[in-house]
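Colleague: The listed protein sequences correspond, in order, to chains X and Z. Heads up: the first sequence begins at 1 in my numbering, then just goes up one per residue. Heads up: the second sequence begins at 1 in my numbering, then just goes up one per residue.
Please note that a few of the clues may not be correct.
Identical chains share a label here; the pair holds if one copy fits it or two copies do between them.
[Claimed, not checked] For lysine-lysine, the following DSBU-like pairs were computed, each having C-alpha atoms within a straight-line distance of at most 30 angstroms:
| no. | residue 1 | residue 2 |
| --- | --- | --- |
| 1 | Lys130 | Lys289 |
| 2 | Lys289 | Lys66 |
| 3 | Lys133 | Lys242 |
| 4 | Lys130 | Lys345 |
| 5 | Lys307 | Lys31 |
| 6 | Lys94 | Lys345 |
| 7 | Lys354 | Lys44 |
| 8 | Lys66 | Lys354 |
| 9 | Lys331 | Lys242 |
| 10 | Lys133 | Lys167 |
| 11 | Lys249 | Lys345 |
| 12 | Lys261 | Lys66 |
| 13 | Lys26 | Lys242 |
| 14 | Lys331 | Lys67 |
| 15 | Lys261 | Lys133 |
| 16 | Lys139 | Lys331 |
No wet-lab data here; the hints were simulated from the structure. Here the structure is a predicted model, which is why all the values come from computation and not from measurement.
Protein chains: 2
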Amino acid sequence: MKIEGLLENKSYILEHMPKGFYTCSKNLGIKDESLDFTVILSSKPANAAAMFTQSTFCGAPIPIGKKNVANGILQCFAINSKNANVATGEEGVKNVIEIVDLIAKELDISPEDILPSSTGVIGHQLPIDKIRKGIQNLKDNLVEGGLEKSAEAIMTTDTHPKLKMCKIGNATLVGIAKGSGMIEPNMATLLSYFVTDADIPSATLQTIFREAINQSFNMVSIDTDTSTSDTVAIMANGLAGKVDFQQFKESLTAMSIDLAKEIARDGEGATKLLEVNVDGASSFEQAKKIGKSIVNSPLVKTAIFGKDPNWGRIAMAIGKCEDEIEVNPEKISIYFGDMLIYNGKPINDDNLIKILNYLENPEIIIRVSLGLGTEEATVWGCDLSYDYVEINGSYTT
Amino acid sequence: MKIEGLLENKSYILEHMPKGFYTCSKNLGIKDESLDFTVILSSKPANAAAMFTQSTFCGAPIPIGKKNVANGILQCFAINSKNANVATGEEGVKNVIEIVDLIAKELDISPEDILPSSTGVIGHQLPIDKIRKGIQNLKDNLVEGGLEKSAEAIMTTDTHPKLKMCKIGNATLVGIAKGSGMIEPNMATLLSYFVTDADIPSATLQTIFREAINQSFNMVSIDTDTSTSDTVAIMANGLAGKVDFQQFKESLTAMSIDLAKEIARDGEGATKLLEVNVDGASSFEQAKKIGKSIVNSPLVKTAIFGKDPNWGRIAMAIGKCEDEIEVNPEKISIYFGDMLIYNGKPINDDNLIKILNYLENPEIIIRVSLGLGTEEATVWGCDLSYDYVEINGSYTT
């Protein structure tokens, strides 16, 4: 199983798009002159699955997407960036419904087969006139493939588009994602879309999809702030025929982890990818909770940014997790990379130079062994830098 | 009830210390040349109460303090800063026991009446030789009062000492506190100590104390990072005779809130105090959870730092709270100060200039009405600035 990233192998990717997917990406002028709108269309209704934010203050498109994917069939993703259509009241809902209807009419598909998404600033109405105008000539501008443009059109504060692809038998799987800020997905991530020409029954697809997402996007946190718009969805149109389900599941999971790490690496202001492995836990939930606590701690994140071997903050982040089975500091080991720094007591500072060198790396791995059981979890995040503060201290104004 | 702060009225405070409390504050050279050690001694065993961190990775002094206060009697607080004595294994525990014994011998009191605390860096053994030496002449250097020096000696990254005092009948209540970073107390705060010469039975004192702390320190968060060393404690030696319990409780609560706000205002790198009032909630827990979610959101905190009226992030922080009774965005109102910005839909931007002016203030109040019930809560925090990143990106090295 080989997963290709857009930047590494552009020509390969352009030649190997899955069959029967068409896109149109354009600038509607929602905020500036960058791409801000994309539709991803399957030539026929596709088996589909999706997961959404659990926010109770969710975006206007979310309930409509949920309703439309409920029967396991979709034919089109329609996404705008630069405006999230959240906290926009009845007018926001009316706008999504109109957009979905206009796209359905223009592309000659059922409105119930469209999954709409919006991402960007909260609390502003969509510029509906501009969107109406942009939909008018969608059909004439569809291109086969073109998902690399879609990956660009869904970006907000991302610094680069995120696209991955791989082959499973005769079929191809492509995933695109955007992330950057307001990222601690709860059952879903900000925005990520997969398309494949593999033939997979809808029920199987939903099971595989849920498991892959829970091991990838749901293990990432940039800043603890669960978005109002998290959506991740897949369409499988079957044009390449049957594939091995196990192989498909492994590929989808690996690609999702790849995209999730890419989102963490490109977190707002991030200079380092932070991976936390927690093992020896009494349950997966305990391992995940402690991993998330470490990866979310502002004190750990600033220490990693500052290349500061202040591992006491890792101990703090472990200690603040409440759990049925309590951790015992005497049984705990903490590592930077493969360097043991604490095992019930501090290890002496002989390898401080080695640790300082390690902290220069762009990817930092923290490992914690709890000594309680056999369960484990891996989570991803990033450091907290001046640039996070700068990017988010001046977003709307 | 008038509460005085040290900086505002130094001479008044020096003249009105509660009776029968002696202190010695000194530099032991734990890190640099600033005060790093203080003992606060009552001339007789005092009724006492204390609350501690719930961290499972707690400091070595915590279990000993818990044991010693269990009978409701204490005679001495002994505190060092610049080293937290956390994650130090058996040697760390042995050191606390030795320190408590040495202080008891030097001051001729029972070791079981001493509450020890340590705050500072995690994962380093205390410089026990320096501490042994510092304890040798403690008794000769005791001064009556002197709590303003104790407030200084317990500081770590605080920018100024925090001391408050008030009269309740003939009695005086003094509180000191330190905060700054690693602050999201869970049932307690970093370090805060109260002394009073009021005569209050131990059981009453414990009840009053718990209620006051739950309304104040437990409602503050600087950075979501619950410390390993949170301790808040009170001694009441009775030398000023009886007081009205209700009045004492009100004073203690008001003083605790005052100190809690002072800690938030002086949070690491903070430029603004952030107060969040949540009302119309279905339970106090729901109001507190939503308040904490807003005050802890890095995106809200950076927006406040940047004076950015990006209230959509408040909506996001409300939405990410899971609760039995779900909020309904249509019923929610959001205010900056007294300016309504959302009530089921965005309010138009007519008062944007007024909001921008408001965001220039050093204290920002966000109000959220949920429209579900009659419960409410107030929490405090601060903004997230470049300086937080700088302070914490280079702490141990």
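Colleague: To test your reading of the hints: which numbers does this structure violate?
Modeller: 1, 3, 7, 8, 9, 10, 11, 13, 15, 16
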